[in-house]
Amino acid sequence: MKPAFEAGRPHGASKNLEERLEPVRKMLLPCMQCGTCSGSCPNAWAMDFSPRHLWRLLLTRNGEEIFKSRTFVLCSTCYSCTLRCPRGLPLTDAMSMLKQAAAAENVRMHRRSVGFYKSFMESVRRHGRVREMEFMTLYFLSMKNPAIPLRFTPLGMRLMAKRKVSFEIPSRGMGRLDAFFRKAKAVEDQS
Amino acid sequence: MKYIYYPGCSLEGTALEYNISTKSVLGALGVKLVELDDWTCCGATAAEGTSHLLSFALPARNIALAEKMKGDLDVLAPCSACYLNLKRVEREIVLDPGLLKKINQVLETEDLVLKGKRKTRHLLDVLSSDISARDIASAVVRPVNGLRIAPYYGCQCLRPYAVFDDPEKPRSMEPILVSLGASVYEWDMGGKCCGASLMSTAPEAGIKLVAGILDAAQDADAVVTVCPMCQMNLEAYQRRASKMRKTHYAMPILYLPQLMGLAMGLTDEQIRLDLNLCVPDGFLHKLPDAQAV
Ligand code: SF4
Ligand code: SF4
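Line order of the protein sequences matches chains A and B. Counting from 1, one number per residue, gives the positions in the first sequence under my numbering. Counting from 192, one number per residue, gives the positions in the second sequence under my numbering.
In case anyone wonders, no lab produced these hints; they're calculated from the structure. None of the values given here were measured: they were computed from a predicted structure. Nothing false has been slipped in among the hints.
The calculated lysine-lysine pairs, modelled on PhoX-like cross-linking and capped at a C-alpha distance of 20 Å, are:
{"hint": "1", "chain 1": "B", "residue 1": "310", "chain 2": "B", "residue 2": "223"}
{"hint": "2", "chain 1": "A", "residue 1": "164", "chain 2": "B", "residue 2": "214"}
{"hint": "3", "chain 1": "B", "residue 1": "292", "chain 2": "A", "residue 2": "185"}
{"hint": "4", "chain 1": "B", "residue 1": "193", "chain 2": "B", "residue 2": "261"}
{"hint": "5", "chain 1": "B", "residue 1": "306", "chain 2": "B", "residue 2": "261"}
{"hint": "6", "chain 1": "B", "residue 1": "383", "chain 2": "B", "residue 2": "360"}
Given the sequences, and given the hints that come with them, work out the whole structure.
Spelled out as structure tokens, the structure:
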């Protein structure tokens with residue numbers, strides 16, 4: 001089986017990373033470096049740069065540097081920072097925009113999270129609803145690690161025993177939301 | 192009381208018991224649900240990780256479908272990720288008409304139009320705001336007296352939109368738990384993050400959050416949740432967390448309507464505790480009429 005897409009390989013990159021950073025930069029301009037976001041983040045301890053530090057880098061350095069950081073892929077979208085930022089900045093959205101840029105440009109270093117999100121979306125494109133087992137199988141394929149599809153993991157086996165997920169071979173062919181996804185991409189590329 | 196029901200993908204798979212117990216409990220409380228016909232995925236947290244527009248267009252498709260239905264019904268979502276995604280559309284299109292236009296361009300492919308005329312409600316919002324604790328109490332036939340229950344809210348039903356609870360110190364579950372006869376376990380982890388998809392994308396970080404919550408719940412008899420992602424993370428990774436912390440977690444993680452169903456005397460088929468990955472016998476024996484079971 002071939003993966004539905006290759007994680008970590010650029011294909012038809014339309015914009016460059018630098019360009020994709022511009023709107024995030026604009027958004028972060030009012031940041032006053034108070035550190036409330038870092039203090040609120042449950043994952044700051046695992047990040048190479050704290051959220052506050054990442055915003056500083058974003059405002060002073062070029063794109064490549066930002067994407068070498070793992071900070072934004074460690075954002076678990078808990079919205080604590082967004083809720084508390086004294087400047088009212090939509091910080092969770094900013095983290096998501098960095099994830100979107102990394103996904104669009106297939107930044108290889110972040111293939112674990114990029115592959116995860118894309119596999120999920122691939123299953124949604126095909127069926128309209130995500131099929132958890134297919135999604136996890138696609139994910140492992142995209143990671144080039146087909147040895148551990150969900151069904152062979154202890155958790156996968158426990159879920160199958162409960163009949164909560166069923167073994168499925170990922171199916172290609174006409175997707176339920178093909179046109180929908182294509183249109184979204186077209187509209188997004190225009191703007 | 193009547194709502195348009197949007198179960199979302201998890202409730203048809205890993206969170207099947209949340210789906211079944213939600214419908215059973217609401218039914219027993221006299222609430223009517225009409226399932227949204229032809230619903231599709233809300234995009235969960237994955238759409239946001241790949242495409243800004245899809246993260247709005249996917250949930251919007253479901254709201255547009257709901258708008259075609261008769262009456263002025265709210266959309267009820269039990270899953271916090273679904274809830275937030277639909278709520279985001281509801282809030283953001285008001286602030287950004289350009290976004291609404293783009294969403295509608297995408298919806299054209301499905302012959303749908305979004306007007307922004309439906310409100311999305313979280314199950315916990317409905318249970319705590321539309322139904323009174325007194326109504327719940329009067330439906331209770333075997334109070335779960337003496338059980339110490341830790342209310343766990345997670346993130347997305349609380350933040351970033353503060354709709355029905357305090358986003359930092361949530362308390363909306365407490366009157367419900369009290370009306371079931373339970374005592375509320377005091378802790379400050381109720382609104383903390385479970386790690387969401389980090390358990391797959393960066394497990395070394397996710398597992399710490401899971402273990403932190405399990406540690407804090409130590410003296411509770413069970414944790415109740417209102418989100419499939421939280422429930423899965425807290426329940427399924429207890430073995431891994433135990434290994435990491437060199438301890439043995441065996442904490443039942445129930446969906447709130449499952450605990451309600453127990454107190455309301457619903458049948459096993461209506462609650463489906465057998466679908467949870469682990470409900471230790473010790474917990475079942477603590478239930479009031481365990482002897483009779
Ligand atoms: S909380 Fe807001 S203002 Fe303070 S450092 Fe973070 S982004 Fe900047
Ligand atoms: S939303 Fe992301 S960056 Fe902000 S506090 Fe939560 S995990 Fe940290």
